[in-house]
Structures are given as C-alpha cells and as structure tokens.
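One-letter residues, chain by chain:
Number of protein chains: 2
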Amino acid sequence: MPELRKDPIVGRWVIIATDRAKRPVAPKIEPVPSGSFCPFCEGNEIHTPHEILAYRERNTKPDEKGWRVRVVPNKFPALQIEGGLDKRGDGIYDHMNGIGAHEVILECPFHETSISNLTEENIREILWVYRDRLIDLKKDPRLVYGMVFKNVGTAAGASLEHSHSQLIVTPIVPINVWEEMTGSLEFFNYRGRCIYCDMIHQELTTAKRIVLDSPSFVSFCPYASRFPFETWILPKNHNSHYENIQKNEVEELGTVLKTILLKLEKALDKPAYNYIIHTSPLDTPMLPHYHWHIEIIPRLTRVAGFEWGTGFYINPVPPEQAAQFLHDTEVDLSVKVKR
Amino acid sequence: MPELRKDPIVGRWVIIATDRAKRPVAPKIEPVPSGSFCPFCEGNEIHTPHEILAYRERNTKPDEKGWRVRVVPNKFPALQIEGGLDKRGDGIYDHMNGIGAHEVILECPFHETSISNLTEENIREILWVYRDRLIDLKKDPRLVYGMVFKNVGTAAGASLEHSHSQLIVTPIVPINVWEEMTGSLEFFNYRGRCIYCDMIHQELTTAKRIVLDSPSFVSFCPYASRFPFETWILPKNHNSHYENIQKNEVEELGTVLKTILLKLEKALDKPAYNYIIHTSPLDTPMLPHYHWHIEIIPRLTRVAGFEWGTGFYINPVPPEQAAQFLHDTEVDLSVKVKR
Numbered sequence: 002m003p004e005l006r007k008d009p010i011v012g013r014w015v016i017i018a019t020d021r022a023k024r025p026v027a028p029k030i031e032p033v034p035s036g037s038f039c040p041f042c043e044g045n046e047i048h049t050p051h052e053i054l055a056y057r058e059r060n061t062k063p064d065e066k067g068w069r070v071r072v073v074p075n076k077f078p079a080l081q082i083e084g085g086l087d088k089r090g091d092g093i094y095d096h097m098n099g100i101g102a103h104e105v106i107l108e109c110p111f112h113e114t115s116i117s118n119l120t121e122e123n124i125r126e127i128l129w130v131y132r133d134r135l136i137d138l139k140k141d142p143r144l145v146y147g148m149v150f151k152n153v154g155t156a157a158g159a160s161l162e163h164s165h166s167q168l169i170v171t172p173i174v175p176i177n178v179w180e181e182m183t184g185s186l187e188f189f190n191y192r193g194r195c196i197y198c199d200m201i202h203q204e205l206t207t208a209k210r211i212v213l214d215s216p217s218f219v220s221f222c223p224y225a226s227r228f229p230f231e232t233w234i235l236p237k238n239h240n241s242h243y244e245n246i247q248k249n250e251v252e253e254l255g256t257v258l259k260t261i262l263l264k265l266e267k268a269l270d271k272p273a274y275n276y277i278i279h280t281s282p283l284d285t286p287m288l289p290h291y292h293w294h295i296e297i298i299p300r301l302t303r304v305a306g307f308e309w310g311t312g313f314y315i316n317p318v319p320p321e322q323a324a325q326f327l328h329d330t331e332v333d334l335s336v337k338v339k340r
Numbered sequence: 002m003p004e005l006r007k008d009p010i011v012g013r014w015v016i017i018a019t020d021r022a023k024r025p026v027a028p029k030i031e032p033v034p035s036g037s038f039c040p041f042c043e044g045n046e047i048h049t050p051h052e053i054l055a056y057r058e059r060n061t062k063p064d065e066k067g068w069r070v071r072v073v074p075n076k077f078p079a080l081q082i083e084g085g086l087d088k089r090g091d092g093i094y095d096h097m098n099g100i101g102a103h104e105v106i107l108e109c110p111f112h113e114t115s116i117s118n119l120t121e122e123n124i125r126e127i128l129w130v131y132r133d134r135l136i137d138l139k140k141d142p143r144l145v146y147g148m149v150f151k152n153v154g155t156a157a158g159a160s161l162e163h164s165h166s167q168l169i170v171t172p173i174v175p176i177n178v179w180e181e182m183t184g185s186l187e188f189f190n191y192r193g194r195c196i197y198c199d200m201i202h203q204e205l206t207t208a209k210r211i212v213l214d215s216p217s218f219v220s221f222c223p224y225a226s227r228f229p230f231e232t233w234i235l236p237k238n239h240n241s242h243y244e245n246i247q248k249n250e251v252e253e254l255g256t257v258l259k260t261i262l263l264k265l266e267k268a269l270d271k272p273a274y275n276y277i278i279h280t281s282p283l284d285t286p287m288l289p290h291y292h293w294h295i296e297i298i299p300r301l302t303r304v305a306g307f308e309w310g311t312g313f314y315i316n317p318v319p320p321e322q323a324a325q326f327l328h329d330t331e332v333d334l335s336v337k338v339k340r
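Residue numbers (our numbering), protein chains in the order written: chain G, 2 to 340; chain W, 2 to 340.
Bound conformation, chain G alone (with noise of 0.2 angstroms):
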C-alpha cells in the first residue's frame, strides 16, 4: 500500500511507495521510447489494466477495439483506490494509507503523440472524458481532490509517447491547491472579488500580455510567470469547477487549446511541456472566489538549486515578449493526421 507523509514543517505531502526491495535502485531517467511497441494503440487492449471508461462506437465491448477515448487505471499507480486512510500518527509526523486513484486517459486510438494533432471532435470528447471522470469520482467520500495534466516528452516526465492525460484524485487537498484557493479567499474577503475575474479583466484591458481571445475563454501568459512561455487559458465566465463546464465552452475550449498548443509547438519547435487543470476540491460547492483554470508550462529551463530552495524563480523572457511572439506565431488548424 503506496503511504502519504506529511511535512510536519510546511505541511506538504508526499506519497512514499512502498513496495519494498533488498536494495533500493534509483529510478533512470530514459528516453521515451520511440517505434517500439505501444499498450495505448487499439488492437493493444489486453496490455492495459480493464476500461473504466470509453466512449466507443455502437456494438463495440469494452477493452476491444472501437473506442475514441479510453480511461483506464495507471498500471504502476501512485494511489490506490482499495482501503481505508487509516489517519495516524508517528511521534510528530502524520501519516495515511495512500487511498487514491491514479487513471490514464488514452486520447486516440491511433498512434499520435501530440494531442495538437489531433481534431478538434476529439479534443472534445477528451474534455468531455476529464468532467465525466471527475464526477464519477466525487461520489466516493474519502477523494477531496482530483488533478488531471498531460506530460509531454521525457523533459516533462513522459514515459511513453502515445498521446495521452491523466488524473490524480487524492484524499487530502494538495499543498499548491491550497494554497491558490487561501490566497484568492484572501482576495475575496478583503475585495469582494474573484481575484481571476479581475485578472483576465485587467489582461484585456491592457492587452500586453494576451495570447488569443475567444468569446468564452482568454489566454495569456501570466504578468509572474515563473517559466519561459508559461501560458493560461482562463473561462471568461467565473466557474470554480472544471466539472460543471458549459457544453458551448467544451466546444470552444476544443478549438483554443488546439490553437494554443499548436502555437507553442511551432514557437518552440516542439517542446516537452506539462499542462494542469487548476480546479476547486471535489467535495465543495461552487466558490465565488476560485476560478478553473489551464496552466501550460513548456519545459525549456531546469528548475536548479536555487528555485528548489526558495521557490523563487528566475524567468530569463519576459511575459510580454513570449505573449507577443505566441499571439503572433500563425497555425493552421486542419489535420493531417492518418487514420
């Protein structure tokens, strides 16, 4: 059973796992194989954990062939979903079993690697897949919190190449996670709004930092950006859950962030990058003072001792300059993609 640690200091958690060897053998770092063998490609079904989600053709059964978007459980999980988190104490540290659920979501069936590639239908249906596996997770009491993110390339901590997303739900709200919904309270009590709505109104207003603006969503590279590129895409409209997106928005959000993706690839000739579903703990009603949100972060820089110390970072391109060239950068939207 993988466990949750708790800084006593700062208060964050880790997941230790604790499948235990004689001698512990740190991890490699490898490339992400490339041409070999894929367990995401249809017709691969039987080298996947069972289905917990598909949306399929008609006539088709689960974990066969014929699915768009598949989910299935991570084969090595962080968490898992058996037990109880048997809360305790160990002299001045906190510890619980790690209860969790730890999902892959397997994007297309064919063998693409940048979901950028991929048309905008099926961008939908996988953001269609995130709020439906959200929902379903809220049910279960002991989950608080569900992050869903995409590693792109090894630099990002892919390790394989088929175009896919996961989710992590956790039992106890993540450290950052708290720490956005704390500050943007803060915000609200003392202003009376949300901190993200007056954020994209004085991003639009001053258009120095803007990527693309869409009827319903805006996107721009954050005025305190901590990477090279780092990118947002926000909802205009204040939403503090992701799950509770409008279908209009789905359809947009499909497009933009196809736009948005294609942009950074060309830019920066095809980055690895991680992008982060920022949304509130599942088992809240809706916020007035937290915003969902996308945060994309190319992987151009290596964090070094200095950030890890202070968790401050040192950006080397301005928000304005990577803004501009994005906003400026022209992408074709059709696909070429074979299937």
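Hints are computed from structural coordinates only; laboratory data are not their basis. Among the hints, erroneous ones may be present.
Heads up, the list lumps identical chains together, so a pair's fine if it works in one copy or across two of them.
[Claimed, not checked] Straight line, CA to CA, 25 angstroms or less: simulated DSS-like cross-link-like pairs of lysine-lysine:
id : residue 1 : residue 2
1  : K271      : K76
2  : K271      : K62
3  : K209      : K66
4  : K88       : K140
5  : K139      : K88
6  : K139      : K66
7  : K62       : K267
8  : K209      : K88
9  : K237      : K7
Starting from the known structure of chain G, arrange chain W on it as the hints suggest.
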C-alpha cells in the same frame, strides 16, 4: 534592470529578466562542457568579474594567482546590486526592481569537478566563505535573505563543471523560506519547542532514517522525503542562522559534508544534485523556532505535471531504505586529487 514580480494569488515572487531581444529565444538545455577552457581555474582570473573575497596566500594580489577559495560576482546575475527597490503596484500586481546579489564561490583553484574530492580543510574554508559573505551582505538594509546553494551536473542546473557554489541574496523573504519560518513558528507557539530539535530527537531515538551521527551534526533522510535519497544535515545544537556557526562545528561539518557527498556519489553513481543551506532571514535576530540545515537533493527523477500542479511529490524510494543504504555505503575520506 531585472524585475521582481509577485504572483497575486499565492504571493510567489519571480525574477523576470529584462534584457529584451527582438525575438525571444528559448534557452536551450546543453550539457556542461568538459575539457574546454575553464574561467574558474587559477590563472584565468581575468575571465571573471573582480573578486569580492578570496582566501589567498600572503603577498598575492586580488584577481591574481595564489587563492584557495575565491568569490566573484556572477557574470550573468539574476539580480543586481546597484539601485533602489522602487516598490510599486500595477493594477492588481506588485512589482519591484531586481535588487540583490548573485555571487559565485570558486571552491578550488585547480580543475576539480566534485567538492567531495577536496580536502576537509578546503571544504572548511568553503564553509567559512559562506559565513563571511552572509555576514558582509547583512550590512545592506535592502537585502533580507541569503541563499547558498550548489548545482552539480546538467540535470541539476549547472552550466560549468569546475566545483563551485552560488549565493543569491534577495530583497524579500522567498516563499518557501516563509513557509518554513511560519510552519516552525506555529509549532513553537503551540508546543514551545523548535520543531527541528524535536525532529532530531525523534530521528535519533527511532534510528530508522539516520545516515550519519556525529558529535555536533546528524544526517538523515527526512520522513516526508520529496525525492529519492533526499538527505538533510542538521546541527544538533539549536541555531537559527548559519552565519552563527561555531568554529568547532565548521571543523566537523567539513568532514560530515564530505562523507555524505561521497556516500551519495558512490551509492548513486555520481548523480546530479543540489544542496541548499536553509537559514533564517538576514534581518532577524536569533530565533527560537527556526534551525538552519542543509538539504541535499539528488536529481534522479523528473518533476512532472502532477508535482507542478499539486506540490505533492511521488517518491518511489522510502527514506528508510535510502538512509539504510547510504548509512551502509562505506567511503574513503582520503584525497586523491592532484595538486
């Protein structure tokens, strides 16, 4: 002038470089060059900015041969020393000038790439230099935090292989430090004790995660280790500020640091790593709740989307196993360095 910007939600500061290029070029990750010209070697003093401090042989002059440990300004500083802070707002955002110091400590005059291969006496002089620089920078009322750190290997952010460390001094308390200070103060207010002192006591008592136990220092893999083989070194006597280290502690720490790094290098086959001295802000008096220490982080795994989004780390090696393995790794402290 570099610029400091504050994230309005979580209060994290970032340093934005402002040397503007027409087209923003993403920095490339390149391996540390080996065998080429080294500006940090003795005889090449002209290739660094003027030295700030050096421990050198009698009758030798600044910026000439004859030094043992030498401190120079970083040629590409993240912060600059001249100017006023000029704190101001920009709508909902906060901003100040990037005032501070960014120094490089050249740890030996000959071309050695690992501090662990230096003599204990040499390492002690490096530890004294850290102290002397912090004491000196304390005089500047604009500067409030001094972070000493070391990057070894490309994966840890190093760009030159000659053994060196860095010192960045900032005009604000970095967020991670703030969180440590706040967390340990809360514990102190509740229990009346230093949480680090309690942790040392519990670690020595349970003896499950001890790497090394010496008269004045203890080294262990922390209970909630974020990374495989994360290792801390703490002074047993309570002391909030590194710069108040006692002479006998410096003597001992020279040996302890060398031993721990040799163990890590042997056990993990010369990994990239960072070490960071966590200490109190420069402008604080002796604090009963904070305890300076060194955190050593081997860079074996890549931080992926989940960690970025949550601040929640997945560590595949339990610290008990890592500590046992490091504890049992035998090393030879004799020096085989030419010179």
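Intra/inter-copy verdict for K209 and K66 if alpha-carbon distance must be at most 25 angstroms:
Classified as neither: same-chain Cα gap 47 angstroms, cross-chain 50 angstroms, threshold 25 angstroms.
Note to self: As a check of your reading, is K237 near K7 (CA-CA no more than 25 angstroms) within one copy, between copies, both or neither?
What the structure shows: between (36 angstroms within a copy, 23 angstroms between copies)
Query raised in the report: 25 angstroms Cα cut-off: does K209 pair with K88 within a copy, between copies, both or neither?
Result: between (48 angstroms within a copy, 21 angstroms between copies)
How would you classify K62 and K267 at a CA-CA limit of 25 angstroms: within, between, both, or neither?
neither (39 angstroms within a copy, 52 angstroms between copies)
Reference check for the pair K271 and K76, CA-CA at most 25 angstroms: within, between, both, or neither? neither (27 angstroms within a copy, 30 angstroms between copies)
- Intra- versus inter-subunit Cα pairing at 25 angstroms for K139 with K88: within (20 angstroms within a copy, 44 angstroms between copies)
- Query: When no copy is specified for K88 and K140, does a C-alpha distance of 25 angstroms or less occur within a copy, between copies, both, or neither?
  - Reply: Close inside one copy (21 angstroms), not across copies (48 angstroms); limit 25 angstroms.
Quick one: K271 to K62, C-alpha cut-off 25 angstroms, is that within a copy, between copies, both, or neither? For K271 and K62, neither the intra-copy (36 angstroms) nor the inter-copy (50 angstroms) Cα distance is at most 25 angstroms.
Status of K66 relative to K139 across identical chains (alpha carbons, at most 25 angstroms) = neither (29 angstroms within a copy, 67 angstroms between copies)
Against the hints set out earlier in the document, violations occur for numbers 1, 2, 3, 6 and 7.
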